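A.B. asks: Those protein sequence lines, which keep their order, are chains F and P.
Positions 1 to 240 (our numbering) are the ones given, in order, by the first sequence.
Positions 1 to 378 (our numbering) are the ones given, in order, by the second sequence.
What the hints contain is simulated information worked out from the structure, not anything from laboratory work.
Remember, it's a predicted structure, so these values are computed and weren't measured experimentally.
Any given hint might turn out to be false.
Stated by the list, open to error - The following label-pair restraints were derived from C-beta to C-beta distances:
#1 F/V144 / P/D374: 45 to 55 angstroms
#2 F/N3 / P/Y276: 39 to 49 angstroms
#3 F/K163 / P/T341: 51 to 61 angstroms
#4 F/N3 / P/I362: 23 to 33 angstroms
#5 F/W14 / P/K366: 45 to 55 angstroms
#6 F/W14 / P/R16: 27 to 37 angstroms
#7 F/N3 / P/F349: 23 to 33 angstroms
#8 P/K366 / F/N229: 52 to 62 angstroms
#9 P/I313 / F/S44: 45 to 55 angstroms
#10 F/H87 / P/K366: 19 to 29 angstroms
#11 P/Y276 / F/G16: 41 to 51 angstroms
As the list claims (entries may be wrong) - Mimicking DSS-like on lysine-lysine, the simulated pairs with C-alpha atoms at most 25 angstroms apart in a straight line are:
#12 P/K89 / P/K104
#13 P/K213 / F/K163
#14 P/K213 / F/K88
Stated by the list, open to error - Here are some, though not all, of the chain P residues that point toward chain F, as calculated from beta-carbon distances under 7 angstroms:
#15 L11
#16 D15
#17 K227
#18 G378
Glycine included, every Cβ here is placed at the ideal spot set by N, Cα and C.
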Amino acid sequence: MGNVAIKANALVKWFGEGEAKTTAVKSASFEADFGELLYIVGPSGSGKTTLLSMISGILKPNEGSVLVEGKDIWQMKSDDIADLRLHKIGFVFQDYHLFPRLTTVENVAIPLILKKMDWNEALKVGLEYLEIVGLKDKAQLQPVKLSGGEQQRVAIARAIAGKPDILIFDEPTASLDGDTGRKIVEFVKTKILNPERCVIIVTHDSRIYEYADSIMKMEDGNIIAFERNTNAIPYMSHEK
Amino acid sequence: MSSILKIALKLLVNDRSKFIALLVGITFAVFLMIMMMSMFSGILSRSSSSVYNVGAKIWVMDPAVNNATSSIPMPDYVLSSARSINGVKYAVPIYFGNALVKLKSGAYQAVSVVGLDDATLYGRPELIEGKIEDIYAESAFIVVKDAEFKKLESPAVGTEFEINDHRGLVVGLAKVASGGLFGIPTVYTTYNRAITYIPSMRFTTSYILIEPKHESDIPFIQQQIKKLGYQALTRDQFVRKISDFYTYQTGMGMNVLMMTAISFIVGLSISGQTFYTFILENLERFGALKAIGAKGNELIKMILFQASFTALIGYGLGVGLASALMILAKLRLPSYAAQVTYTNLTFAFFMVLIMAGVSSYIGIRKVLQIQPFDIFRG
Ligand SMILES: Nc1ncnc2c1ncn2[C@@H]1O[C@H](COP(=O)(O)OP(=O)(O)O)[C@@H](O)[C@H]1O
Ligand SMILES: [Mg+2]
């Protein structure tokens with residue numbers, strides 16, 4: 001495999017104090033490489049989202065460290081972490097979190113706008129990414145007019161519009177029917193993943209395992225297994 | 001406009017109903033504040049109309065006078081003493097009083113009577129009909145053609161009427177710069193005719209009007225008048241004295257202040273509340289922006305922009321609405337006393353900025369508190 005995109009060292013995260021204290025992640029260490037599609041699987045409440053948040057600069061761990069492309073992110077100032085998220089990491093949230101008052105293409109353009117790109121330019125680039133996810137003709141619609149699968153694709157377009165090195169999906173198929181979910185993951189594997197990119201998908205949907213290059217299993221805050229999937233369907237990037 | 005502010009604008013404006021609610025709150029508050037303050041300004045400027053219309057530089061009066069139309073008569077020696085003060089070019093008496101006019105229809109109408117010094121006619125009005133010399137003719141009166149003119153059944157030159165059981169004859173119509181507050185017509189005549197027609201006390205001089213030789217003589221004149229036990233005020237000082245009287249001694253100022261404060265509080269709570277709801281409903285969006293990589297100060301900029309944009313539009317609408325209403329009212333009621341002054345506009349603007357500031361403050365606090373992790377967890 002290629003270079004290390006993310007390295008997590010003995011991450012620990014707990015919530016609450018005293019009686020109410022729950023340890024969501026207990027000493028998690030792993031690596032994710034560029035060119036790799038990594039699955040994090042495990043039952044609900046096993047600490048997947050918490051782990052994802054710590055490695056992507058959203059939630060500060062209580063112990064341990066995270067290296068993103070070799071940089072220890074939790075030693076950085078919060079504005080610098082925000083910059084890192086903006087420039088290096090693309091997110092697809094579980095509930096998409098699209099902006100209902102903006103058009104589809106404006107939604108896709110948001111990371112570009114946060115990067116201070118001029119409005120018209122950002123919309124132009126946004127439209128290109130909508131085309132990649134096959135929704136160019138829905139550019140001027142509001143997200144509510146789109147189906148669940150289409151909204152998911154808008155969220156993906158938004159996540160990749162800023163050309164991030166690392167893409168993070170939290171349960172992308174949870175609210176989609178099996179077929180749509182499979183298509184999305186197939187799309188990600190074949191069109192989005194490339195040797196310069198690392199994609200991490202959290203899911204507990206076992207129907208889509210065949211696309212994963214590695215599968216990491218979590219249970220009760222622990223990583224209980226890390227397997228390479230040598231039979232994984234390979235990527236073939238078509239992205240411009 | 002930077003792209004990020006454009007996003008902020010779209011989030012705000014595309015939420016039609018909330019945006020309208022915000023505008024209504026601010027517009028309403030601005031409207032009420034401007035109305036209250038304009039009415040008050042109008043009343044204050046009306047209350048000094050006689051002072052403006054007569055136009056004298058210095059007014060001598062009893063120190064207890066606080067309102068141009070309720071004068072306290074002064075003995076004659078004050079006039080002769082005033083005339084002998086160094087720096088006085090001339091000093092003349094003027095009479096202010098009220099009389100009852102019996103109209104042709106048989107109805108009575110109160111009028112205010114200004115008696116001009118017989119020798120100089122100092123403080124005379126500008127005539128639109130007739131000649132000022134005719135004021136010396138027998139029973140002659142000049143009627144001011146202001147908003148109250150109709151109450152005298154719109155007389156013309158030559159119209160006769162009865163005033164305090166004496167004969168009166170209209171010899172001229174005058175135009176007047178500033179209408180009065182009390183809604184009664186004004187007539188001019190000579191000082192001597194005024195005091196013979198209108199029953200008065202032993203003393204008859206309402207005010208002494210002084211023209212100084214030079215502006216620089218004014219302090220000395222004031223000092224000398226003070227020695228006589230009277231007060232000499234410049235026009236501006238007199239106007240201020242009258243304004244202070246209405247503001248502080250009639251309860252009017254207090255009421256206006258209270259109403260303005262209430263309008264402000266109502267506007268603040270409506271707009272603050274609505275803006276807060278707007279922020280709460282969009283908290284998820286702000287959280288998503290944060291997660292994607294927006295920095296705290298960018299979110300602050302967005303909120304400040306949203307709040308001030310709404311505030312400015314609401315301000316414009318409120319001022320526009322208030323002005324429109326005043327124009328309408330003046331069409332129906334020519335003597336309607338309300339005026340929009342720069343002070344009022346500035347004050348209301350300041351209040352609107354406070355509303356925007358408070359609204360943004362609570363919004364910003366809320367938005368800075370959100371953890372992107374909570375958005376991430378769903
Ligand atoms: N903000 C929080 N406060 C308290 N407990 C939390 C919080 N976030 C997560 N947890 C707890 O941490 C554990 C792991 O949660 P999470 O990472 O969301 O699991 P998963 O994504 O695998 O379903 C759960 O027991 C959850 O209740
Ligand atoms: Mg989760």
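A.B. asks: Any of the earlier hints contradicted here, and which numbers?
C.D. replies: Numbers 1, 4, 5, 6, 7, 8, 11, 12, 13, 14 and 17 - these are the hints that the structure violates, sorted from lowest upward.
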